[in-house]
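J.: Given the structure of chain A, go ahead and fit chain B onto it with the hints provided.
Note that the protein sequences, when read in sequence, are chains A and B. Each residue of the first sequence is one higher than the one before, starting from 1 at the first, in this note's numbering. Each residue of the second sequence is one higher than the one before, starting from 215 at the first, in this note's numbering.
You can take every hint at face value.
As a list, the in silico DSBU-like pairs of lysine-lysine whose alpha-carbon atoms are at most 30 Å apart:
| id | chain 1 | residue 1 | chain 2 | residue 2 |
| --- | --- | --- | --- | --- |
| 1 | A | K106 | B | K399 |
| 2 | A | K201 | A | K69 |
| 3 | A | K116 | A | K210 |
| 4 | A | K102 | B | K283 |
| 5 | B | K284 | A | K65 |
Distance ranges between label pairs, derived from CB positions:
| id | chain 1 | residue 1 | chain 2 | residue 2 | range |
| --- | --- | --- | --- | --- | --- |
| 6 | B | P416 | A | K27 | 51 to 59 Å |
| 7 | A | P87 | B | R363 | 38 to 46 Å |
| 8 | A | L158 | B | G309 | 37 to 45 Å |
| 9 | B | R322 | A | E209 | 35 to 43 Å |
| 10 | B | K382 | A | T159 | 41 to 49 Å |
| 11 | B | R315 | A | E64 | 13 to 21 Å |
| 12 | B | I271 | A | K113 | 19 to 27 Å |
| 13 | B | G403 | A | G25 | 42 to 50 Å |
| 14 | B | E374 | A | K106 | 28 to 36 Å |
| 15 | A | T159 | B | E375 | 52 to 60 Å |
| 16 | A | K102 | B | R363 | 38 to 46 Å |
| 17 | A | E209 | B | E364 | 51 to 59 Å |
| 18 | B | S261 | A | K163 | 25 to 33 Å |
Which bits of chain B does chain A cover? Going by a derived footprint, with three or more residues having C-beta under 8 Å, they are:
| id | stretch |
| --- | --- |
| 19 | 261-269 |
| 20 | 273-280 |
| 21 | 285-296 |
| 22 | 300-312 |
| 23 | 417-425 |
Hint data in this document are derived by calculation from the structure and do not stem from the laboratory. A virtual CB, placed ideally from N, CA and C, is assigned to each residue, including glycine.
These are the residues of each chain, in order.
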Amino acid sequence: MNRTFRPIFLIAAVSIISLHCMAGGFKEMRDTAGFIQQLNAMTNSLKSIESDFKQEKNMTMLEEKIISKGTFCFKKPGLIRWQYNEPYKYLVIINNSKVLIKDENKTNKFDMKSNKIFRKVNDLLTDCMQGTVLSKRTEYRVSFFENESFFIVKLIPLTKSMKEFIGNIQLYFDRKDYSVSRIDMVEPSGDNTLISFKNKKINQPVTNEKFIIK
Amino acid sequence: MRNLLSSSIFFIIILCSCSVVHYNRFHISKDDGFEKRIDPVIQNGASALLYKAGIRIYGKYVSGLFLFKKMNDTTQRVVFSSETGITFFDFEFSGKDFNIRQCFEKFRNKTLISTFRKDLKMILMTGFHLAGAESVKYKKEEQMIYRLREGKEYFYFYLEEHTCSCLKIENTSRCFKKVIILLKKNASGVNSQISIRHKKIPLDIDLQLIPRI
Numbered sequence: 001m002n003r004t005f006r007p008i009f010l011i012a013a014v015s016i017i018s019l020h021c022m023a024g025g026f027k028e029m030r031d032t033a034g035f036i037q038q039l040n041a042m043t044n045s046l047k048s049i050e051s052d053f054k055q056e057k058n059m060t061m062l063e064e065k066i067i068s069k070g071t072f073c074f075k076k077p078g079l080i081r082w083q084y085n086e087p088y089k090y091l092v093i094i095n096n097s098k099v100l101i102k103d104e105n106k107t108n109k110f111d112m113k114s115n116k117i118f119r120k121v122n123d124l125l126t127d128c129m130q131g132t133v134l135s136k137r138t139e140y141r142v143s144f145f146e147n148e149s150f151f152i153v154k155l156i157p158l159t160k161s162m163k164e165f166i167g168n169i170q171l172y173f174d175r176k177d178y179s180v181s182r183i184d185m186v187e188p189s190g191d192n193t194l195i196s197f198k199n200k201k202i203n204q205p206v207t208n209e210k211f212i213i214k
Numbered sequence: 215m216r217n218l219l220s221s222s223i224f225f226i227i228i229l230c231s232c233s234v235v236h237y238n239r240f241h242i243s244k245d246d247g248f249e250k251r252i253d254p255v256i257q258n259g260a261s262a263l264l265y266k267a268g269i270r271i272y273g274k275y276v277s278g279l280f281l282f283k284k285m286n287d288t289t290q291r292v293v294f295s296s297e298t299g300i301t302f303f304d305f306e307f308s309g310k311d312f313n314i315r316q317c318f319e320k321f322r323n324k325t326l327i328s329t330f331r332k333d334l335k336m337i338l339m340t341g342f343h344l345a346g347a348e349s350v351k352y353k354k355e356e357q358m359i360y361r362l363r364e365g366k367e368y369f370y371f372y373l374e375e376h377t378c379s380c381l382k383i384e385n386t387s388r389c390f391k392k393v394i395i396l397l398k399k400n401a402s403g404v405n406s407q408i409s410i411r412h413k414k415i416p417l418d419i420d421l422q423l424i425p426r427i
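For reference, chain A alone in the conformation it holds in the complex (with noise of 0.2 Å):
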């Protein structure tokens, strides 16, 4: 590109983005360093989630979205329970390196170290449920934005491997108590797969059982 042009590129596409997010109600954030203490003393203190969970897929070949639904649980260090109840059986359960993969027809187990890309969305999700994800500026480009009701950290990956099937992630964490209340993951064909949080219980006692892979 012209040096010349660059610049006027920059701003344009930065304005671009900065008017998408307020036509979503969203502007920038004021207070970045407040929201990133603020939520690094809530990653300090949390030890478990318990929650509902809502998943819409938004396809733009699709008018209607795939929604499905089940229970999400996290428990410090590293234990992660997703469980799909509707429309379909589906469960993964991640006890530190180990992952157990159970579907309808198939239990399958396995090393999350022989498995890069698993351990990668793996990684991500657990960074973003704890919030943890600020604190790899290296593998993605950070923005910050807020409303009335959230707090919203739009992630840019840069690494290839990441770019390949994420455009982008925003996470919506309640002004309440800093915790993940959504997580927007937008894909380079500009899909998007919403995942919604509800009643959640955070640092309610969880039993290991959940997690255990058998």
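T.: For chain B alone, coordinates are given in the frame of chain A:
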């Protein structure tokens, strides 16, 4: 030399017995009714169908969601994604044309893509010269069987006699069965179960309809 000759003859006999010799006893005749009768997976009434998918490939298992979407009269899209929403591949079929709109690096293998392409082409009934179908009759068979030829390969479509719904599709070479696809309809007449079995490579695909779209 004698031993070599006899073992060669034996080998040829074994080869012949393993072939789709079954079809050699069929009576083959031209029939232009296939185009009118065949009832593909994506029917006029259902513009999009969502399936839970299980793929067993070379000892590994991948699960996800298969979305079949009829875009217009000639174009159909097939999207395979993970349950968590990540798209693995997005293929577009338009007559004989095939377009890869998106494909995850792990699936970007020429052989794998051409295998998926052929499997999906059979299910979608796209890109075939339907007018060139031949009717295949065998005295013991009660099903209607139609055969399409493409190069050195054949595609056999087994239709239920009264409803004309497709029950089975077979892809064969001159001698061997390569792929068998079994289709099962639900009460609404939609294909609720699709099983794809490969005979030459360790690849099985099972699709179970998710009744929602």
